[in-house]
Amino acid sequence: MRRSLQFLLFTGVSLIIFMLLPLHALRAQQRSADELREQSFLFKSLQLTDLCLTTEARYTRHPAMADRHAPFQSHPVALEHFPSGSLILPLLPGRDRL
Amino acid sequence: MKRAVERHLNILEFTLASLLRRKAKNLSLLAMYLLVIFILASLLFFVTGLKREAAVILNDAPDMVVQRLVAGRQDLVPDGYAAEIAAIRGVTAVRPRLWGYYYDALNGANYTVMAGDDTTAISEKATIGAGVAKVRNLAVGDLLPLISYDKAPLLLEISAIFPSASNLVAADMIVISPVDFQQLFNFPSGQATDLAVTVRNAKELPTVAAKIAARFPDSRPILKSEIQRTYQSVFDWRGGMTLIILASSLLSFIIFAWDKATGLSAEERKEIGILKSIGWETSDVLLLKFWEGLVISLTAFLLGVILAYGHVFFLSAPLFAQALKGWSVIYPDFKLMPVVDAYQLAVLFFLTVVPYTTATIIPCWRAATIDPDAAMRY
Chain L
25 MRRSLQFLLF
35 TGVSLIIFML
45 LPLHALRAQQ
55 RSADELREQS
65 FLFKSLQLTD
75 LCLTTEARYT
85 RHPAMADRHA
95 PFQSHPVALE
105 HFPSGSLILP
115 LLPGRDRL
Chain A
3 MKRAVERHLN
13 ILEFTLASLL
23 RRKAKNLSLL
33 AMYLLVIFIL
43 ASLLFFVTGL
53 KREAAVILND
63 APDMVVQRLV
73 AGRQDLVPDG
83 YAAEIAAIRG
93 VTAVRPRLWG
103 YYYDALNGAN
113 YTVMAGDDTT
123 AISEKATIGA
133 GVAKVRNLAV
143 GDLLPLISYD
153 KAPLLLEISA
163 IFPSASNLVA
173 ADMIVISPVD
183 FQQLFNFPSG
193 QATDLAVTVR
203 NAKELPTVAA
213 KIAARFPDSR
223 PILKSEIQRT
233 YQSVFDWRGG
243 MTLIILASSL
253 LSFIIFAWDK
263 ATGLSAEERK
273 EIGILKSIGW
283 ETSDVLLLKF
293 WEGLVISLTA
303 FLLGVILAYG
313 HVFFLSAPLF
323 AQALKGWSVI
333 YPDFKLMPVV
343 DAYQLAVLFF
353 LTVVPYTTAT
363 IIPCWRAATI
373 DPDAAMRY
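Protein chains in written order, with my numbering: chain L, 25 to 122; chain A, 3 to 380.
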């Protein structure tokens, strides 16, 4: 087979896989609806406020309950030093209030 | 039509042969390009997946949480606050929440300990998250020994373990009865960590929050919308590590495109000169370079996105997990629900494939329009 046809075939297969990604995502979402319901039930029954993304620092375990000063309150010259602190920002001051 | 297709196939054939002649250079270029797309697409998938999951789950968060601040730090809320808040018009329920953190000196892990409802949580029994069960090697029926704040041992029997499907919510949780909670933390009775407030009409939430803040100046009401917004700004592009990943990926990409746009190597100029001298039109040379750019960029884009999808949704994003894990002893091994945002992928395509292909053509157009003799002598 000509090299150009081999390349077009390879690109075509990659393109088909690429186009199938949204379909796979949709199917996976339908399949995991039960899991999501379970998580939502647990969340509601325990009146939880935060997702468990990381457990290393209080203000990244419960960012919605922390404020912007929390990372610096460990001691008088405390610096924010947890790796997850660079990914998870604490609650922004209320813009949704009156 | 057939002639045009044949022409493109022939030029593509020549392009591939030309790329393979400089195999090491082009393969390393493809690998670097693929890596840039892979990292950007992984970040895109991870953030979109996380935000979608957060949006769905956080719909069930309390309408409002009321904290109390003393000297800039969160403090316990007396029961009297709950009674007065419950009397505000529009408030349907106020539930004092008892929760805190327990540091396990045995393994250095931090657990989130929460008191369940009187009706669901039984004394001396505990329901634990899959992360706690894994790190302490516990099963249903086992005993979980904890040391209370007055140094007395507290033995809790594991009544249930939250399924690993709920890791994103409860991996590090220990749910016990309010009595055990008070015993464990030597927690004063008649006080709560904070209050979960339910309001009948969501539109009244800001008004109720203002009334609470006016009645209790030391309180800090947090609305559900603020909780949801916290998670919508997780992995915000301005956040430290996200900014570094984005900046380094985009910078590497700009270096590629700059390298291509600023000029051709002497060998490439000579090749263009030879092609023109043997009868190739300028349009043929441009088509050749267009295919050259497209072969590299389209292959890198398609493979990069497909690999990123697998990395995030099948392998649970091990590259980003390391950053999230940090120094955590319990790391929730959660699987994100796959989400593909066509708009974001289109932006990624137009930010990477289009500029690269254009950057490949421009210097060739300059070289292809000059005299073949001059191009060969350059």
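Just so you know, these hints were derived from the structure itself, not from any lab.
Beta carbons: idealized from backbone N, C-alpha and C, even for Gly.
Treat the hints with care, as some may be off.
From the structure, some residues in chain A lie toward chain L, with a derived Cβ separation under 10 Å [stated by the list, open to error]: (1) Arg138; (2) Val171; (3) Ala325; (4) Met339.
Some chain A residues close to chain L (C-beta under 8 Å, calculated; not the full set) [what the hints assert, rightly or not]: (5) Met34; (6) Asn203; (7) Lys205; (8) Val307.
Here is what the structure says about each hint:
1. Arg138: violated (14 Å)
2. Val171: holds (5 Å)
3. Ala325: Hint on Ala325(A): holds, closest Cβ of chain L at ~6 Å, below 10 Å.
4. Met339: For Met339(A), the interface hint holds, since the closest Cβ of chain L sits about 5 Å away, which is under 10 Å.
5. Met34: violated (19 Å)
6. Asn203: At 15 Å from the nearest chain L Cβ, Asn203(A) fails the 8 Å test, so the hint is violated.
7. Lys205: Not OK, violated: Lys205(A) not within 8 Å of chain L, min 12 Å.
8. Val307: Holds, about 6 Å.
Hint violations for this structure: numbers 1, 5, 6, 7, all remaining hints satisfied.
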